[in-house]
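J.: One line per chain: the protein sequences are A and B, in this order.
Under my numbering, the first residue of the first sequence carries the number 1, and numbering increases by one thereafter.
Under my numbering, the first residue of the second sequence carries the number 1, and numbering increases by one thereafter.
It is possible that some hints are incorrect.
Distance condition first, Cα-Cα at most 20 angstroms in a straight line; then the derived SDA-like pairs of lysine to any residue [as the list claims (entries may be wrong)]:
1) A:Lys42 <-> B:Ser100
2) B:Lys27 <-> A:Arg43
3) A:Lys42 <-> B:Asn7
4) A:Lys71 <-> A:Gly41
5) B:Lys44 <-> A:Lys58
6) A:Lys42 <-> B:Arg22
7) A:Lys42 <-> B:Pro8
8) B:Lys44 <-> A:Gly41
9) A:Lys22 <-> A:Gln108
10) A:Lys42 <-> B:Ser24
11) A:Lys42 <-> B:Glu41
12) B:Lys71 <-> B:Gly28
13) A:Lys22 <-> A:Ser74
14) B:Lys44 <-> A:Thr24
15) B:Lys44 <-> A:Lys68
16) B:Lys44 <-> A:Arg43
17) A:Lys42 <-> B:Arg108
18) A:Lys68 <-> B:Val99
19) A:Lys58 <-> B:Ser100
20) B:Lys62 <-> A:Gly1
21) A:Lys22 <-> A:Leu11
22) A:Lys42 <-> B:Thr110
23) A:Lys42 <-> B:Gln37
24) B:Lys44 <-> A:Asp27
Note that these hints are calculated values from the structure, not bench results.
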Amino acid sequence: GENVEQHPSTLSVQEGDSAVIKCTYSDSASNYFPWYKQELGKRPQLIIDIRSNVGEKKDQRIAVTLNKTAKHFSLHITETQPEDSAVYFCAASIMADKLIFGTGTRLQVFP
Amino acid sequence: NAGVMQNPRHLVRRRGQEARLRCSPMKGHSHVYWYRQLPEEGLKFMVYLQKENIIDESGMPKERFSAEFPKEGPSILRIQQVVRGDSAAYFCASSSDRVSYTFGSGTRLTVV
Numbered sequence: 001g002e003n004v005e006q007h008p009s010t011l012s013v014q015e016g017d018s019a020v021i022k023c024t025y026s027d028s029a030s031n032y033f034p035w036y037k038q039e040l041g042k043r044p045q046l047i048i049d050i051r052s053n054v055g056e057k058k059d060q061r062i063a064v065t066l067n068k069t070a071k072h073f074s075l076h077i078t079e080t081q082p083e084d085s086a087v088y089f090c091a092a093s094i095m096a097d098k099l100i101f102g103t104g105t106r107l108q109v110f111p
Numbered sequence: 001n002a003g004v005m006q007n008p009r010h011l012v013r014r015r016g017q018e019a020r021l022r023c024s025p026m027k028g029h030s031h032v033y034w035y036r037q038l039p040e041e042g043l044k045f046m047v048y049l050q051k052e053n054i055i056d057e058s059g060m061p062k063e064r065f066s067a068e069f070p071k072e073g074p075s076i077l078r079i080q081q082v083v084r085g086d087s088a089a090y091f092c093a094s095s096s097d098r099v100s101y102t103f104g105s106g107t108r109l110t111v112v
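The shape of chain A in the complex, shown without the other chains:
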């Protein structure tokens, strides 16, 4: 089955700097890659997603890139703010199937 690895497990950045989180997946049939943000004690919330027919997608300060050949995808957050501090999860799925999550990255943005 699908396996998703996520790095780093923790990431500390200064406010205004960029943050990059990377994930790799094992099943070449996976074609949907969402990213979730989870604040302490709260539900995971979708922040951006990408499908395999697209190489890059951007939404304001957040962007995701996908390399199907290498089977990895990355989340980029620019101009980080303290409110970006949370745990971020990547996931992969074959469309219309269950999501397989990475192990999470705890991002801390220091003012």
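Please arrange chain B on chain A, whose structure you already have, making use of the hints.
T.: Frame of chain A; chain B shown alone:
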């Protein structure tokens, strides 16, 4: 639209008791997924249901755990004879198109 509603938010059970977790999907969503999140870990898939059918239960422990999504009413995740290792946050997600998911706020189960 009230979103995905889970209840209770917090549930405390003694070892050996039963835990029942409820999930009402978003209006118009017929696909329900249950995930378990252990402290400081990611979300692990447990089961995928449509109305009255279990589609994929490959992540569900073979014993003590069961799930249903009846024609009327919420989806129920049932854990019999709970043990300390069942303590976790249980999240339900629903979908209308089996692609984009909306998560509920979760039920935090503590077994004492």
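J.: Does each hint hold? Answer for all of them.
T.: Hint by hint, here is what the structure shows:
1. A:Lys42 <-> B:Ser100: 19 angstroms, holds
2. B:Lys27 <-> A:Arg43: Holds, at roughly 18 angstroms.
3. A:Lys42 <-> B:Asn7: 14 angstroms, holds
4. A:Lys71 <-> A:Gly41: 31 angstroms, violated
5. B:Lys44 <-> A:Lys58: 27 angstroms, violated
6. A:Lys42 <-> B:Arg22: Roughly 17 angstroms separates the two Cα atoms, so the pair holds.
7. A:Lys42 <-> B:Pro8: 14 angstroms, holds
8. B:Lys44 <-> A:Gly41: 17 angstroms, holds
9. A:Lys22 <-> A:Gln108: The hint holds at about 16 angstroms.
10. A:Lys42 <-> B:Ser24: Within the cut-off at roughly 17 angstroms; holds.
11. A:Lys42 <-> B:Glu41: 14 angstroms, holds
12. B:Lys71 <-> B:Gly28: Given that 20 angstroms is the threshold and the Cα spacing comes to 13 angstroms, the pair holds.
13. A:Lys22 <-> A:Ser74: 4 angstroms, holds
14. B:Lys44 <-> A:Thr24: Given pair B:Lys44, A:Thr24 holds - Cα atoms ~17 angstroms apart, limit 20 angstroms.
15. B:Lys44 <-> A:Lys68: 24 angstroms, violated
16. B:Lys44 <-> A:Arg43: Given pair B:Lys44, A:Arg43 holds - Cα atoms ~14 angstroms apart, limit 20 angstroms.
17. A:Lys42 <-> B:Arg108: The hint holds at about 11 angstroms.
18. A:Lys68 <-> B:Val99: Holds: A:Lys68 and B:Val99 sit about 19 angstroms apart, inside 20 angstroms.
19. A:Lys58 <-> B:Ser100: 18 angstroms, holds
20. B:Lys62 <-> A:Gly1: Distance ~18 angstroms between B:Lys62 and A:Gly1 Cα, so the pair holds.
21. A:Lys22 <-> A:Leu11: 11 angstroms, holds
22. A:Lys42 <-> B:Thr110: 17 angstroms, holds
23. A:Lys42 <-> B:Gln37: Holds. A:Lys42 to B:Gln37 sits at ~12 angstroms (cutoff 20 angstroms).
24. B:Lys44 <-> A:Asp27: Satisfied, since the Cα-Cα distance of roughly 17 angstroms is no more than 20 angstroms.
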